[in-house]
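Kindly generate the complete structure, drawing on both the sequences and the hints.
Listed here are the chains, written in short residue letters.
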Amino acid sequence: MSGDAGRPGAGGPEIESPETAVPEAAKPATPETEGLEIRGLEVRYGPVRALRGVDLTVPRGAVAAVLGANGAGKTTLLRAVSGTLRFHRGAITAGTITFGGARVDGAPAAEVVRRGVVQVPEGRRVFARMTVAENLRAGALAVPGRRAAAARERVLELFPVLAERAHQRAGLLSGGEQQMLAIGRALMAGPSLLLLDEPTLGLAPMMAARIADTVRRINAQGTSVLLVEQNAAMALALAERAYVLEVGELALSGPAAELAASDEVRRRYLGVGAPDTDRPVGTGLEERAERTRPARWTA
Amino acid sequence: MAVFLELLVNGISVGAVYALIALGFVVIFKATEVVNFTHASLLLAGGYVIARLHPLVGFWAALAAGIAAAALVGALVEFLILRRAHVGSRGVLAIVTIGVDILLTTELTRQIGTEVLALGDPWGDRVLRLGPVTVAETRVVALAVAAALIAAFLLAFKFTGWGVAMRATAEDAETAALMGVRLGRVSLGAWAVAGALAAVAALFLCVFPTPGLDRGTTAAAMKAFPAAILGGLDSTTGALAGGLIVGVTETLISGYQSELAFLGRGIGDAAPFLVMIVILLLRPSGLFGTKEPVRV
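Listed in order, the protein sequences are those of chains A and B. Numbering of the first sequence is given in the working numbering, commencing with residue 1 and proceeding in unit increments. Numbering of the second sequence is given in the working numbering, commencing with residue 1 and proceeding in unit increments.
FYI, nobody ran anything at the bench for these hints, they're computed from the structure. It is possible that some hints are incorrect.
Said to hold, decoys possible - Some, not all, of what chain B presents toward chain A, calculated at C-beta under 7 Å:
(1) T160
(2) G161
(3) V164
(4) A168
(5) E171
(6) E174
(7) A177
(8) L178
(9) M179
(10) G180
(11) V181
For each residue, glycine too, the CB sits at the ideal point set by N, CA and C.
In structure tokens form, the structure reads like this:
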């Protein structure tokens, strides 16, 4: 750590080194934490280790944010939860992922969806050749017809523009509309936990704000959210708890409000304060050797 | 004029059978984006089972067994070979299907030997006379069955969950999995359906006026390949249009062979491939193939 950010009392919550911090795995499970629990997660793409020893919790009904630069392992974390690592020749090599008390690590993506965890992939990835209505129908393939009809009603209430564009090809929608469709499509499965991968990427500020508001409304309706986002200000405003990944390791974690107030997070992720000249940001796996040991905020 | 009309009607009915085979290509391509060269041997397998069983159990039971057998062979090819072939490129998977086709065809033609096997259909060599036009009953039945099956698939792709899952998988398998689509089931189902369609096509390729099932049947089946390509490999409507174009072209050119002698012998067999090349030069995605929508 550089500057004051690594010392207790500097710019926000008290910091402990990883050695003295209470590991989340050791904490007793409570009803609050019966959501998503990731313990000691390690992921590899062949010989490349993309995640190491990651602990993360998303309690039921909560919003958690994962911040980090490109190559930090944010998308890999979501792939590990949603069961899509195999599409990228990746695999979980250590650790566990549980949701609602049941293990989901190693489960195929379709099974993870049936357990209530649905991911909105980065870059929207709507089915461009299909209409908006067909995209929504694709999102409901894992649920019975009656539930699908109710979910469709909820989605169209959330995104009225999708009803107007129902018969238009999804590939012809604007970026913002495509993001709404991607989120709406995921909601069609009636998820208990929504994984959002960079939902505001490439969107105009006004549309990004609208997406943020939508995430709030989705959460208010009872869906937990794990939000991966480079727009740290937005993510920290939305989340109750936040995690910072750096080159595959958890560098910081704690209540989002406290992280937002900390000097290091403000300087490195919110672009406020003096630049950190000691350590480059977002330099990817290859610079792992240059990193210092990560510190952890204790909540 | 009567000759032309007769050739046209026959061409349409042969084309309907090619369309059925092309539909098998399309179903697999829609679900997996793999070009399936095993199709001709699935067709031969279905036809062979019908031919061997009809003297024992009667035509309709043999037909049902042939359809089930071809569906099973298709499902087994997917489950035992393609699912386990962990290759990144779909082009490589297409080559794997060529290898499987050679293996299956070699064994089936060894079983058939030099025989010409009858399929025991109930229509025999009866013909219908519609004014000046004479057409085999088998051709009329083929046209009706093919039209009904193609219409059913068109509707299924558009309106059923199975169809939506197949189209979603073809477009983006990872995202389809994120929607809860079980990719293995989609792929297995597509291969089984394609096998069943191939067996139905085998029946109509091998009944009157064709003498029966023999080693050359696979060559006839491969004419459906240009039909699928020129129609657009991911289009059900394209399979129908492509089949009809190939059937009518082949029948007309073969029928007017003497007038077209300057083009050389065998031009009827080559014509579907020439038409395919011309259409692909004009429309690279085929007549009805999907172009990626691009927002400008």
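Status of each hint after checking the structure:
Given the 7 Å rule on beta carbons, the hint for B/T160 is violated: about 10 Å separates it from the nearest Cβ of chain A. Interface hint status for B/G161: upheld, as the beta-carbon distance to the closest one in chain A is roughly 6 Å, under 7 Å. Proximity of B/V164 to chain A holds as hinted, the smallest CB-CB distance being about 5 Å (cut-off 7 Å). Checking B/A168 against chain A: minimum C-beta separation of about 4 Å stays under 7 Å; hint holds.
Below 7 Å, beta-carbon pairs count as interface contacts, and B/E171 has one with chain A at about 5 Å; its hint therefore holds. Look at B/E174: its Cβ gets to within about 4 Å of chain A, closer than 7 Å, so that hint holds up. Using the Cβ-Cβ criterion of 7 Å, the hint placing B/A177 at the interface with chain A is satisfied: the shortest such distance is roughly 4 Å. Here the hint on B/L178 is kept, as its CB sits about 5 Å from the closest CB of chain A, short of 7 Å.
Hint on B/M179 holds. Least Cβ distance to chain A is approximately 5 Å, under the 7 Å limit. Against a cut-off of 7 Å between C-beta atoms, the interface hint on B/G180 holds, since the closest Cβ of chain A lies about 3 Å away. For B/V181, the shortest C-beta to C-beta distance to chain A is roughly 6 Å, which falls under 7 Å, so the interface hint holds.
Of the numbered hints given earlier, the model fails hint 1 alone.
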